[in-house]
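Modelling step: build the complete structure from the supplied sequences, incorporating the hints.
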Amino acid sequence: MKTGVPEYVGEGTACLGHVHVTDLALLYELVLSKVLSGENIPSSRRGIYFSNTGSHNWRDLATLVGKAGASIGALDSIEPRSVSLEEAGSRCLNGTPQIAEMNYAAHSSTKPVLAPELGWKPLKTEADWKGSFVEAFRMVLDEQVQ
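My numbering numbers the first residue of the sequence shown as 1235 and each following residue consecutively.
Everything hinted at is true.
Computed list of lysine-lysine pairs in DSS-like fashion (alpha-carbon distance at most 27 Å, straight line):
1) Lys1358 / Lys1345
2) Lys1364 / Lys1345
3) Lys1236 / Lys1301
The calculated label-pair distances, taken between Cβ atoms and stated as ranges, are:
4) Ser1289 / Ser1311: 23 to 29 Å
5) Ile1306 / Gly1244: 25 to 31 Å
6) Gly1244 / Ser1267: 39 to 45 Å
7) Glu1313 / Val1374: 18 to 24 Å
8) Val1347 / Thr1237: 35 to 41 Å
9) Ser1311 / Glu1360: 20 to 26 Å
10) Val1255 / Ser1278: 21 to 27 Å
11) Thr1247 / Ile1275: 32 to 38 Å
12) Thr1359 / Asp1310: 26 to 32 Å
13) Asp1310 / Ser1278: 46 to 52 Å
14) Glu1351 / Gly1329: 41 to 47 Å
15) Gln1378 / Arg1279: 38 to 44 Å
16) Val1379 / Asp1310: 15 to 21 Å
17) Leu1266 / Thr1237: 37 to 43 Å
For the record, the hints were derived by calculation from the structure and aren't laboratory data.
Quick caveat: nothing in here was measured; it's all calculated off a predicted structure.
Just so you know, even glycine gets a beta-carbon here, dropped at the ideal spot from N, CA and C.
Right under this line is the structure:
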């Protein structure tokens, strides 16, 4: 938001999974309820619960951010621009390109296997996930006013 333009690192082609925060909360509640009830569920190395319900590349994500931010006046432009790891690191992450790469240029492909086995059933659609960006911008803007 500082630059007024949505940004992505490099070519923005690396992909990452996503999940709507409401569906993630449902998974946390499910895991917690099973643990608290004493149920023996996979844990440690065998208990990594992936929750992605879709995937995106960083350029497409920046485009969604731009549309949402510009629609409520939080950003000046819809069109995303590419920035270098150095620029992203110096502006956002205390001058650390390596951390910028891990956070804003990562590529990861996961499949939720254990979560559905526990009974997790995501309720939100891809459209819900995409629509959540406007709400997120509003929350950030509200915090800045306070």
